[in-house]
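Chains as they are written, first to last, in the numbering used here: chain R, 590 to 740; chain A, 590 to 740.
Just so you know, these hints were derived from the structure itself, not from any lab.
Any given hint could turn out to be false.
Since the list gives no way to pick one copy over another, a pair counts as held whenever it fits inside one copy or between any two copies.
Unchecked claim - Quick list of in silico lysine to aspartate or glutamate cross-link-like pairs, EDC-like style, CA-CA up to 20 Å:
#1 K658 / E620
#2 K621 / D682
#3 K686 / E737
#4 K621 / D736
#5 K733 / E722
#6 K733 / D692
#7 K621 / E708
#8 K686 / D720
#9 K658 / D682
#10 K658 / E599
#11 K686 / D719
#12 K733 / E708
#13 K686 / D736
#14 K686 / E729
#15 K658 / D736
#16 K621 / E737
#17 K658 / D699
#18 K658 / D679
Take a look at the letters that make up each chain.
There are 2 protein chains.
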Amino acid sequence: MNEADGKLGETMFRFFNEIGIIAQLSGNAFEKVMIGGMTLPQFSVLNHLVRLGGNRTPLQIARAMQVTKGTMTNTLGHLERAGHIAVRPDERDGRSKRVDITDSGRVARDQAIAAMAPELGWLAARIRMDDVEASLPLLEQVRKLLDERRN
Amino acid sequence: MNEADGKLGETMFRFFNEIGIIAQLSGNAFEKVMIGGMTLPQFSVLNHLVRLGGNRTPLQIARAMQVTKGTMTNTLGHLERAGHIAVRPDERDGRSKRVDITDSGRVARDQAIAAMAPELGWLAARIRMDDVEASLPLLEQVRKLLDERRN
DNA sequence: TGCATATGGTTTGATATCGAACTATGTAGT
DNA sequence: ACTACATAGTTCGATATCAAACCATATGCA
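Could you build all of it, start to finish, from the sequences and the hints given here?
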């Protein structure tokens, strides 16, 4: 290993290390301000259904969230038991299901957004938004590369 | 909520969303190339002990990794059972313990670094290192703010 | 000297997550 | 039509993680 490799590894390692810790802390912060046991993955699914519309299959949602289908079975189970989504069999394909958000789910999603707004505001007041914007293309690129590498 | 708030929330949300997915995918990628059940948190502890030296208390390590002490109890238990660390009571303080890495732990840490080098190389060949370097200050800042906000 | 409080660590019960094995259904090719 | 393969979803057994309750030891203050 030459010097350049060492420095490269060092930089990459710090990058992933910071990202890992931020993901962890932000997830905790999210769940701390939530009520009624709403978790980040659950919110992500509800938000996804609101933004892109319902009538989605579990596998489509799993792909969008980049989690395994087993994980999605778990998350959807929680949401369904909470009454936040409605799951029905797919008419065309006997193996598949279709997921829609319910009114209760919409309310829960709006409450979640309201609950985290102050936290985001606190943070936004302390960092330069331009820097955040500027970091997005790299983050997106890395995310896509990792996704590509995985498959 | 005015328009600026909406855009701000959107940007922040994307930022944390990308970070969450990257953390997840990179953690999975790490564990996929590891052998013998080495996990990312376990490696992080070993690496920490090598870089900053042993004779650390569990709580010190937990703080450095930004996890709870209960989590660290768990991780150290795995490492100790694997023979990668040695834990002894603190002489001065009867409540505390002291942790050191073992030869086995050093070997495991070196193997882990070797195993992930190709992955890091693959990625490094596809992104601009300057961008990564440039993103580090923001990531560090956000991490510190979240940590501050938590306490 | 004692009692109240603080600190280090463990335990408990919940969550998410993965990979791999499994079931059921659909599709394609012979 | 049959057989082989592919796909959708579930289940299982492991991991990490948190918060909260708990225990033991230490410290500070009266």
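Checked hints:
1. K658 / E620: Between copies only: 19 Å across, 23 Å inside.
2. K621 / D682: This pair counts as neither: shortest intra-copy Cα distance 40 Å, inter-copy 33 Å.
3. K686 / E737: Neither way: K686 and E737 sit 26 Å apart in one copy and 43 Å across, limit 20 Å.
4. K621 / D736: Only across copies: K621 and D736 sit 14 Å apart there, 29 Å inside one copy, limit 20 Å.
5. K733 / E722: Both, since 17 Å and 19 Å are each at most 20 Å.
6. K733 / D692: neither (33 Å within a copy, 38 Å between copies)
7. K621 / E708: Cα proximity of K621 and E708: one copy only (11 Å, versus 35 Å across).
8. K686 / D720: The answer is neither: 41 Å in one copy and 42 Å across copies each exceed 20 Å.
9. K658 / D682: Intra 17 Å, inter 48 Å, cutoff 20 Å: intra-copy only.
10. K658 / E599: neither (34 Å within a copy, 27 Å between copies)
11. K686 / D719: For K686 and D719, the Cα distance exceeds 20 Å both inside one copy (42 Å) and across copies (45 Å).
12. K733 / E708: Only across copies: K733 and E708 sit 15 Å apart there, 28 Å inside one copy, limit 20 Å.
13. K686 / D736: neither (25 Å within a copy, 41 Å between copies)
14. K686 / E729: Close neither inside one copy (30 Å) nor across copies (42 Å); limit 20 Å.
15. K658 / D736: So K658 and D736 pass the 20 Å test inside one copy only (15 Å; across, 32 Å).
16. K621 / E737: Only across copies: K621 and E737 sit 15 Å apart there, 33 Å inside one copy, limit 20 Å.
17. K658 / D699: neither (26 Å within a copy, 34 Å between copies)
18. K658 / D679: within (17 Å within a copy, 46 Å between copies)
In terms of the numbered hints stated before, the structure departs from hints 2, 3, 6, 8, 10, 11, 13, 14, 17, listed from lowest to highest.
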